[in-house]
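Visitor: Residue-level listing of the chains:
Protein chains: 4
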Amino acid sequence: MDERRSKIFRVRKGDTIGTDKGILRVDDVIGKEWGSEVRLSTGAKAYLLKPTPVDFTMRGFRRVTQVIYPKDSSLMVTLSGIGYGSRVLESGIGTGFLTAILAHVVGDAGHVYAYEIREEFARVALRNLSMMGLAERVTVKVRDIKQGIDEEGLDAAFLDLPDPWEVLKLLPGSLKPSSPVLVFVPSVNQVIKTLAWLKKGPYVDVRVYENILREYQPVPEALRPQTISVTHTGYIVFARLVRKTEDLPT
Amino acid sequence: MDERRSKIFRVRKGDTIGTDKGILRVDDVIGKEWGSEVRLSTGAKAYLLKPTPVDFTMRGFRRVTQVIYPKDSSLMVTLSGIGYGSRVLESGIGTGFLTAILAHVVGDAGHVYAYEIREEFARVALRNLSMMGLAERVTVKVRDIKQGIDEEGLDAAFLDLPDPWEVLKLLPGSLKPSSPVLVFVPSVNQVIKTLAWLKKGPYVDVRVYENILREYQPVPEALRPQTISVTHTGYIVFARLVRKTEDLPT
Amino acid sequence: MDERRSKIFRVRKGDTIGTDKGILRVDDVIGKEWGSEVRLSTGAKAYLLKPTPVDFTMRGFRRVTQVIYPKDSSLMVTLSGIGYGSRVLESGIGTGFLTAILAHVVGDAGHVYAYEIREEFARVALRNLSMMGLAERVTVKVRDIKQGIDEEGLDAAFLDLPDPWEVLKLLPGSLKPSSPVLVFVPSVNQVIKTLAWLKKGPYVDVRVYENILREYQPVPEALRPQTISVTHTGYIVFARLVRKTEDLPT
Amino acid sequence: MDERRSKIFRVRKGDTIGTDKGILRVDDVIGKEWGSEVRLSTGAKAYLLKPTPVDFTMRGFRRVTQVIYPKDSSLMVTLSGIGYGSRVLESGIGTGFLTAILAHVVGDAGHVYAYEIREEFARVALRNLSMMGLAERVTVKVRDIKQGIDEEGLDAAFLDLPDPWEVLKLLPGSLKPSSPVLVFVPSVNQVIKTLAWLKKGPYVDVRVYENILREYQPVPEALRPQTISVTHTGYIVFARLVRKTEDLPT
Numbered sequence: 103m104d105e106r107r108s109k110i111f112r113v114r115k116g117d118t119i120g121t122d123k124g125i126l127r128v129d130d131v132i133g134k135e136w137g138s139e140v141r142l143s144t145g146a147k148a149y150l151l152k153p154t155p156v157d158f159t160m161r162g163f164r165r166v167t168q169v170i171y172p173k174d175s176s177l178m179v180t181l182s183g184i185g186y187g188s189r190v191l192e193s194g195i196g197t198g199f200l201t202a203i204l205a206h207v208v209g210d211a212g213h214v215y216a217y218e219i220r221e222e223f224a225r226v227a228l229r230n231l232s233m234m235g236l237a238e239r240v241t242v243k244v245r246d247i248k249q250g251i252d253e254e255g256l257d258a259a260f261l262d263l264p265d266p267w268e269v270l271k272l273l274p275g276s277l278k279p280s281s282p283v284l285v286f287v288p289s290v291n292q293v294i295k296t297l298a299w300l301k302k303g304p305y306v307d308v309r310v311y312e313n314i315l316r317e318y319q320p321v322p323e324a325l326r327p328q329t330i331s332v333t334h335t336g337y338i339v340f341a342r343l344v345r346k347t348e349d350l351p352t
Numbered sequence: 103m104d105e106r107r108s109k110i111f112r113v114r115k116g117d118t119i120g121t122d123k124g125i126l127r128v129d130d131v132i133g134k135e136w137g138s139e140v141r142l143s144t145g146a147k148a149y150l151l152k153p154t155p156v157d158f159t160m161r162g163f164r165r166v167t168q169v170i171y172p173k174d175s176s177l178m179v180t181l182s183g184i185g186y187g188s189r190v191l192e193s194g195i196g197t198g199f200l201t202a203i204l205a206h207v208v209g210d211a212g213h214v215y216a217y218e219i220r221e222e223f224a225r226v227a228l229r230n231l232s233m234m235g236l237a238e239r240v241t242v243k244v245r246d247i248k249q250g251i252d253e254e255g256l257d258a259a260f261l262d263l264p265d266p267w268e269v270l271k272l273l274p275g276s277l278k279p280s281s282p283v284l285v286f287v288p289s290v291n292q293v294i295k296t297l298a299w300l301k302k303g304p305y306v307d308v309r310v311y312e313n314i315l316r317e318y319q320p321v322p323e324a325l326r327p328q329t330i331s332v333t334h335t336g337y338i339v340f341a342r343l344v345r346k347t348e349d350l351p352t
Numbered sequence: 103m104d105e106r107r108s109k110i111f112r113v114r115k116g117d118t119i120g121t122d123k124g125i126l127r128v129d130d131v132i133g134k135e136w137g138s139e140v141r142l143s144t145g146a147k148a149y150l151l152k153p154t155p156v157d158f159t160m161r162g163f164r165r166v167t168q169v170i171y172p173k174d175s176s177l178m179v180t181l182s183g184i185g186y187g188s189r190v191l192e193s194g195i196g197t198g199f200l201t202a203i204l205a206h207v208v209g210d211a212g213h214v215y216a217y218e219i220r221e222e223f224a225r226v227a228l229r230n231l232s233m234m235g236l237a238e239r240v241t242v243k244v245r246d247i248k249q250g251i252d253e254e255g256l257d258a259a260f261l262d263l264p265d266p267w268e269v270l271k272l273l274p275g276s277l278k279p280s281s282p283v284l285v286f287v288p289s290v291n292q293v294i295k296t297l298a299w300l301k302k303g304p305y306v307d308v309r310v311y312e313n314i315l316r317e318y319q320p321v322p323e324a325l326r327p328q329t330i331s332v333t334h335t336g337y338i339v340f341a342r343l344v345r346k347t348e349d350l351p352t
Numbered sequence: 103m104d105e106r107r108s109k110i111f112r113v114r115k116g117d118t119i120g121t122d123k124g125i126l127r128v129d130d131v132i133g134k135e136w137g138s139e140v141r142l143s144t145g146a147k148a149y150l151l152k153p154t155p156v157d158f159t160m161r162g163f164r165r166v167t168q169v170i171y172p173k174d175s176s177l178m179v180t181l182s183g184i185g186y187g188s189r190v191l192e193s194g195i196g197t198g199f200l201t202a203i204l205a206h207v208v209g210d211a212g213h214v215y216a217y218e219i220r221e222e223f224a225r226v227a228l229r230n231l232s233m234m235g236l237a238e239r240v241t242v243k244v245r246d247i248k249q250g251i252d253e254e255g256l257d258a259a260f261l262d263l264p265d266p267w268e269v270l271k272l273l274p275g276s277l278k279p280s281s282p283v284l285v286f287v288p289s290v291n292q293v294i295k296t297l298a299w300l301k302k303g304p305y306v307d308v309r310v311y312e313n314i315l316r317e318y319q320p321v322p323e324a325l326r327p328q329t330i331s332v333t334h335t336g337y338i339v340f341a342r343l344v345r346k347t348e349d350l351p352t
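Chains as they are written, first to last, in my numbering: chain A, 103 to 352; chain B, 103 to 352; chain C, 103 to 352; chain D, 103 to 352.
With the rest of the complex left out, here is chain A (with noise of 0.2 Å):
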């Protein structure tokens, strides 16, 4: 089976969902478990997959910007060390993809904080959220985040913006010290404008990563890379706040 055939659709009896490989009752899946085989219209056989949070953004959220692949999504969240319980600040939401998977990790006792200066990008957002039923760990903020941070004591930012180092200046207010922010942007120009911000900031442990993901045809006889594929998406900024002391003149 081929991932890229799979289908993510509301189960609602009567339904029929047509594939390139056939038409599938949707009455014939209910009540059956996870993992069960069915067979199409064609008698080509299907499985029921419960989605995965990356089969959610990958296959059923409404894109309306460039989004956050798990590749990157996944270091970042790792790197921030965030779990269950973590509260974060996100901005901008844009289609929601690292949303959901924050709203995951920090699970039914943390909280995403998500500003979003485009009232379309924050509906979208949060239509697609509530598809995975995440929408209550999540509140997003229509406005512009440079006009200030409501929330205090965070524990973790995530930066995808245009212009991050705006918001750097900030975080002091509404990161707790020690907290790691993970900026991503798409092109070198931002990297260094950020990184001059960091140094003259209250920041330390600052790094700069690029993950290059090859995903490689699954077929044993013949195993190789994709020919073409996605080359690029974006650099990762990690860094962590701190409170420096301004040196006394001698």
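If you anchor each label on the Cβ, the simulated ranges turn out as follows:
| hint | chain 1 | residue 1 | chain 2 | residue 2 | range |
| --- | --- | --- | --- | --- | --- |
| 1 | C | R345 | D | K302 | 52 to 60 Å |
| 2 | C | T329 | B | A211 | 38 to 46 Å |
| 3 | B | K109 | D | E139 | 53 to 61 Å |
| 4 | B | K278 | D | G124 | 53 to 61 Å |
Some chain C residues close to chain B (C-beta under 10 Å, calculated; not the full set):
| hint | residue |
| --- | --- |
| 5 | V290 |
| 6 | N291 |
| 7 | V293 |
| 8 | I294 |
These are computed hints drawn from the structure, not numbers from a lab.
Where is the CB? At the ideal position from N, CA and C, for every residue including glycine.
Following the hints, complete the assembly by docking chains B, C and D onto the known chain A.
Guide: Here is chains B, C and D on its own, set in the frame of chain A:
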């Protein structure tokens, strides 16, 4: 501050910590908040950072085997869809890098069942996990997993051993159908054998990934990737266990 | 100017060349020096560039097969050490991309002996090479190279066919000892089979390379790699033919 | 045989060559053909390989600077379109890695004009080139190229110095219009500055490349990329010199 200059240590009154920038008196940090600035004997500044799981594994763990780096463990965890409360299988435990990330993600409501054939590895890994306070979330069984898996109804399996195909045969009784299986192997020959077995067995949605992580020197005036670094760790094979019916002879 | 907007054309009086930026009257370029600026019908500027071998192959060649891109052909040629006057073997010719680079490098004092089983490919490749004025440096033999190689004392062999190990067996009579052999194959399975055969045969100095070329958008204000591009072409296997003596039984 | 065990040496009667596998008596190889098998003092086998230009640079050259590796020099040469008889500019010469490849390609009918500000580098590079018998194809000028270029009508320019934009200004008088310019720089900041200058100057067809070369362990039973290796050398910027006319004011 250079991340490679950070140290993980246990706070004990009267201790001193030597670094190449000067000596830290542990008494100076007692009672200080995370993120605080302290001075070394030379006057050099240092900062108190709360260790993340990645910090613990990369800088605090004693290593006895090849390890699974965050670039790979993060993608494996995210693809698996596990979260707070998940019950997962791991084989083998090695130095415990992946185990630490898994135990962090499943939280105190989940559990990691880890099989490890080498007693020394199990002992070191458990000591590493204890340092993080995660040992109670992990059950380590010192034996060959090929003799059988005790658990049932697990949510995901993470296989990091030389012949993962031997374990793939055993998973149907232990893993919930639809659950993801993540295999990590260093050579393409192992990928080929894993794929060949997955094709014959009750698995679908098979994919192969390779993550090439590049770290950049975080210097805004001369941004460039590191000159010499890790160029290969291993390949990640993803699949999902399903219930396949046998085709009846026509 | 965007390289993807360049066109290769034969200068014929009275012709016009259509582009998405306007029409070029060929009469306007006759008599002009290389590098000159000309105007299209819309007033847009264009420049007369003397085509390089890469320009000819990438923009002028008719393609009938998968091709060997400059990123791979350049490394193969440099590793082979061939130069002006070299006599080299190629199998198969395909669309002639590699052949063109080889014929350019060996110059008018060298020669390329190319075996190609498919007559259509041979015909297209020769027409492509004629456009560059290189057809006289290449002898194309339309037949299965496995039936035997006519030439002797060649300086290097370039193999781009599905089962290069079959040709490796035939090289000792045709290649000067110490000469390099360059194999290009798309899958890891083919690399494994090639390596297994090289190990048994009269070859030493075996190496395997993969060249991952990233092209950046040449925008100084927003420098970043292209988003979608070629992520895999093939693997390059290098080896050298030697005279191995049989070990006498003790 | 492992390529890293090969040695380049001058044949002198009576000499011995020490290796980690045993001692080679040079008298044993005198009169032997290329590709022949010889025995070391331990009985281990060795083979006589005729050095390629890459062998000379990688294994024979004394290094005094960062070098341009074959993965980069090969692509630069192929993109430039130079060949037998070309007259090319290089600045600076460094250790002579690129110079050697250029001198090999232009043959005895072409020439390399190399500017190098550091006398020591010029001296070492010339000694390296002499070992290959290529010194006569290269004129080295020990002076700052920014003081002016003596040559006219050159076919291509290869720039490997910290501020290539300073040289870009000087090329119009020395390079034939339509000729390619190849710039090699280690940091993205230098790429950005080069692009900014190219945009303002008489250059078109601008492109930026990065070649990520992966070498695999050539073991058919366990094929995998090398674990630790060079992860970054530099970026290649390509452009072509043209005659731009000034836009007249309307």
